[in-house]
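Protein chains in written order, with our numbering: chain L, 1 to 361; chain U, 1001 to 1326; chain F, 2001 to 2502.
Hints were generated in silico from the structure; no laboratory data involved.
Check before you lean on any hint, since a few could be wrong.
Think about it this way: if two alpha-carbon atoms lie no more than 16 Å apart in a straight line, the pair counts; the simulated EDC-like pairs of lysine to aspartate or glutamate are [stated by the list, open to error]:
1) L:Lys271 with U:Glu1201
2) L:Lys351 with F:Glu2315
3) F:Lys2322 with F:Glu2276
4) F:Lys2327 with L:Asp36
5) F:Lys2190 with F:Glu2032
6) U:Lys1087 with U:Asp1112
7) F:Lys2310 with F:Asp2330
8) F:Lys2190 with F:Glu2159
9) F:Lys2310 with F:Glu2276
10) L:Lys344 with F:Asp2060
11) F:Lys2267 with F:Glu2315
12) U:Lys1144 with U:Asp1183
13) U:Lys1219 with L:Glu113
14) U:Lys1261 with U:Asp1320
15) L:Lys175 with U:Glu1265
16) F:Lys2021 with F:Glu2069
17) F:Lys2188 with F:Asp2173
18) L:Lys175 with U:Asp1240
19) U:Lys1219 with L:Glu236
20) U:Lys1261 with L:Asp272
21) L:Lys314 with U:Glu1220
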Amino acid sequence: MKKNSVKSAFLGLFRHQIFIPIAALLILVIFNLVADPSFFKITFGHNNAGDPILSGNLMTIFNNASELAILAIGMTLVTAASGGQDISVGATIAIAGSVILRILCGAQGPRPESMQAPIIVAFLVACVVTMLFGAFNGVLVSYFKIQPMVATLIMFTAGRSIAAWINNNQLPVIKDVSFGYFGNYIPGIPIPTPVFIAILCMIIIALVLKLTNLGLYVQAVGINSHSSRLNGLNPEFIKFITYVIMGLCVAVAGLIKVSRISTINYSVIAKDIEMDAILAVALGGNALGGGKFSMTASILGAYVIQFLTTTLYKFEVPSDALPAYKAIVVIILVVLSAPIVREKLGQLRKKIAPEKATGEA
Amino acid sequence: MKKLLSLMLAVAMIFALAACGGGGEVVDPTEEAGLIKVGIINNDPNESGYRTANDADMKRVFTEENGYEASFAYSLKNDEQIAAAQKFIQDEVDYLLISAAGTAGWDTVLKDAQDAGIQVILFDRTIDADESLYVASIVSDMAKEGQTAVDWLASQALEAYNVIHIQGVMGSAAQIGRTGALDVMVAENENWNLVTQQTAEWNAETAQQIVQAVIDSGKEFNVVYAENDDMAKGAVAALDAAGITHGVDGDVIIMGFDCNKWALEELLNGNWNYDGQCNPFQADYIDEIIEGLEKGEAPAEKVVIMEEKGFDATTITQADVDQYGI
Amino acid sequence: MSGQNIVLKMRGICKYFPGVKALQNVDFTLREGEIHALMGENGAGKSTLIKVLTGVYQRDYGQVFINDEAVIIRSPQDAQNAGISTVYQEITLCPNLTVAENMYIGRQKGVGVSWKSMNSKAKEILESLEIPAEPTQQLGSCSIAVQQMVAIARAVDMECKVLILDEPTSSLDDNEVQKLFKLMRDLKAKGVGIIFVTHFLEQVYEVCDTITVLRDGQLVGEYPIDELPRVQLVSKMLGKELDDLSDIKRDGEVSEKSDSVAVLKVKSLKSTTGVEPFDFEIYEGEVNGFTGLLGSGRSECVRAIFGADKTAGGEVFVGKKKVKINKPLDAMKNGVGYLAEDRKRDGIIGDLSVRENIILALQVMKGFFKPFSRAQAEAFADEYIKLLQIKTASVNTPIKSLSGGNQQKVILARWLLTNPSYLILDEPTRGIDIGTKVEIQKLVLKLADEGKSVTFISSEIDEMLRTCSRLIVMRDRKVVGSLTGDELTQNNIMATIAGGDK
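All chains, full assembly: derive it from the sequences and hints.
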């Protein structure tokens, strides 16, 4: 009896979409365990400032996946509601970072001796700016009915120039170590700060999904906007608001990014991160055409991507070959999620299942 | 609500337009007699700190006070640059100064320039065209930059060189030049090893991840050879987090390129060991050549290779930082 | 019955879906030159049988013979090659291609296309079938009825031995239906075997030779048409003796309450969809309806009342209070519910569960920041699943995997849950089985008895006669009359719709 319930739970998991990222994660974990168990070693040490830190591949994964996990939150909502993706997030991260640095530098030029404004002010201004750009994308998508990829192509193209323009093409550097806390370590806490920021974002989105109808509305609009309208929803506004939320996620990711190195390079900061964010959503088993979504699966997808990246670095795969490996993952995903393959797999399972049943009896 | 939205839209559009203004646009010159008309075609100054410094340098030299009437066109795309060149030819400029985005496709437009009696000077980047089509080209020798850096490293006389080599975008002139010298050294010397050789595509964060991966794998290394300053900075961030000392008196030698002002300051503070210059200041060289041409003197050499320094943390001064930092 | 040559034989067909036995050991026989009705309630297995035959689904057990030769059909292409053509209920053509392209898509041999000959051939066929469409016209610009005809023309032109018509008449008007029947008889004369799936009993008796009845995935029997009277057919489909249909005629005139204040009243309401400004009122406990031909504007009227389309003038009163209804939510907050005509497009949220579909409207009214707890939502859903006898595996089943009738019940549940004082039902019985139809009609009358007001729209006049105490008749996007009491007869309605001597 107990065995049965375990089995049915397992089968339930198999059917659930979160199965995909979990399976991918398991494959990676097993691969690393076999290839080199020391991959999972976590060591305790001190950094150059003499503060305690934990290090190891796992910490690296948790640390570096933070921005991606945060972006995956926004990308999931955007995808679900509007049936398309925001490809401008990398460029708008550049804008967010640039705004933060601009505010911190104040009138002192690109290399101020001290920060000219509290970090929180800089961050809040960046939030407002990126939410405005998100609103711009959202207006194009929801009210002007432009395809999301095309609409966000505008910011994708212009974003990095705007970021450079905000700082007059200067490359500001913040010397104050406290600015680096957000992307590195807070003295005395051995776990990288981005991990906490990502967890905070996850808690917030979990609460929002629990305490509001965001999830229901977004899914309803994404699946059938005609019906949603006749049920009293405002599909345009809901699509619009997901882009604004995406903007907020971008600001948080931007803060981490610039804080990591206390400076910015407009043309390469967060380069291609939009593709990883979209991949995270897909890896989470969410339909890129919109509709139902699983936030947990998307976020898990983000960590799987970083796990893959770190694994490949560890095995010294040339980093310019990384996209090729990610492409393979995408191909497998797309093929597995194709209806025809699912049907075949379903048949296969059915063929195996009755035999098992007779065997047990 | 709708009004607010349209307002936001308008604001965002203005932002976008303002930003677009930089690219692919030709600034109209004002007609004035007695000045030498130059048309300057450059890459987008947003591309990098190097380009920003390069553009600022051009704007510093080619002014009316110096006897020039300069028009600028910026683009990262070859075809847009060629279109801009054609426009300058129609405007009958005296000199065409080009930093080409791509190496191919320039023959026709340069012939047109020649037919119109316009002299062409290439700066920063060369093109695949017949030498007769331009009077001079002022370039950096990336291979030499690499050689200078590797020679400096060799002069440190370490017992063993275990190098983390972080490359730029594969196939770029800077990457090929800066990688070449190191590869040769490693091949020829027993005590030179590459711990890892990876491209971080000029990206600080990728560099940080690469170095992090090496640290996590527990491999020994004592040199980080990063092909630009950003990547060196990323590498240092990883070292700092892992509690590995670097710079003068540190365990790991840090090497970067491009001589950003902030990078030279790192040298000055002893956090890094070496920074190789990639000289963006070609304007004075060009100015000199034009002066000569105006007097009827052809330049002594067709290809002018700029002088480029390498800075050592133990010898660098504040004056160097101010003068060479970009 | 012409000819005994059996063209199609299906034997012992079984098809299983997870948790459902969709077809169990079903036989089906089609003869040359026969029009054969396939009857059954929704969920009886008609669609599944058709899909097995056309290769959309793979059968699990059983055999299919064409001209006594066993065939294996793995794909619609196989079916086509075997001489089986299908016209589905939903248009499966490409609206953005031309009529001719749609007729010949996927059928050219080789790479090249001769547009000219394609267009001229298409024109010939269209003319011979009297289909009012130009070959070069974009299909999407034709009416649904014409699109349906084009689909049939396409199937006919493919030299088929077996033609399957799956609910082809549900969007055609009488005139068009007659044209289609003529076409079917022509094909029959040519020896084509036709499988005709429909919900309209009249049509079955008008055109068919044989009837096969399915129920709950099993074969009930095959009958020559003259040996199976209507009442018997219905009872076989439902699996019980049927006197329900006659039962539900309403007793007396309940709804004469003109002295009281109207629950909802509109004055010269006008929407941007082009209906003339109209007046309308409904009283407590009243059931009224809009009737008229397809496209006469009946749906547009109720959509305007609900705020589904933009209004362009007019006044709306709820009770004595004047209200503004600019969007559906305004109407909902004033106690109006609207079950839309097109269930797929405007009703269901396909991927969401039955539970989410049921609570959606009430949830939206409750507000963004006040989600129902899971337990509460399930309690609501369970209550209505029981009340309306919705057949679903669980409350968490996606609504799209339910049969049409059950989907409609879920949408009905959604609006009942909002406890509206006035409920608009636009074609609630279209495309669903007779059993559910009767249930819905009964429900409407029950609601009225409880003091709720209902507007009921249906293409089937007898259905409206059974339920409504007042009918508003529309013609050419204008209200042309209102019938109550003794005026409510089939003939009267026809005359008003047709106009003329009034």
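Going through the hints against the structure:
no.	hint	verdict
1	L:Lys271 with U:Glu1201	holds, 10 Å
2	L:Lys351 with F:Glu2315	violated, 64 Å
3	F:Lys2322 with F:Glu2276	violated, 21 Å
4	F:Lys2327 with L:Asp36	violated, 62 Å
5	F:Lys2190 with F:Glu2032	holds, 9 Å
6	U:Lys1087 with U:Asp1112	holds, 11 Å
7	F:Lys2310 with F:Asp2330	holds, 12 Å
8	F:Lys2190 with F:Glu2159	holds, 11 Å
9	F:Lys2310 with F:Glu2276	holds, 14 Å
10	L:Lys344 with F:Asp2060	holds, 13 Å
11	F:Lys2267 with F:Glu2315	holds, 5 Å
12	U:Lys1144 with U:Asp1183	holds, 14 Å
13	U:Lys1219 with L:Glu113	violated, 37 Å
14	U:Lys1261 with U:Asp1320	holds, 10 Å
15	L:Lys175 with U:Glu1265	holds, 11 Å
16	F:Lys2021 with F:Glu2069	violated, 27 Å
17	F:Lys2188 with F:Asp2173	violated, 22 Å
18	L:Lys175 with U:Asp1240	holds, 15 Å
19	U:Lys1219 with L:Glu236	violated, 54 Å
20	U:Lys1261 with L:Asp272	violated, 28 Å
21	L:Lys314 with U:Glu1220	holds, 14 Å
The structure does not agree with the numbered hints 2, 3, 4, 13, 16, 17, 19 and 20 stated previously, though it agrees with the rest.
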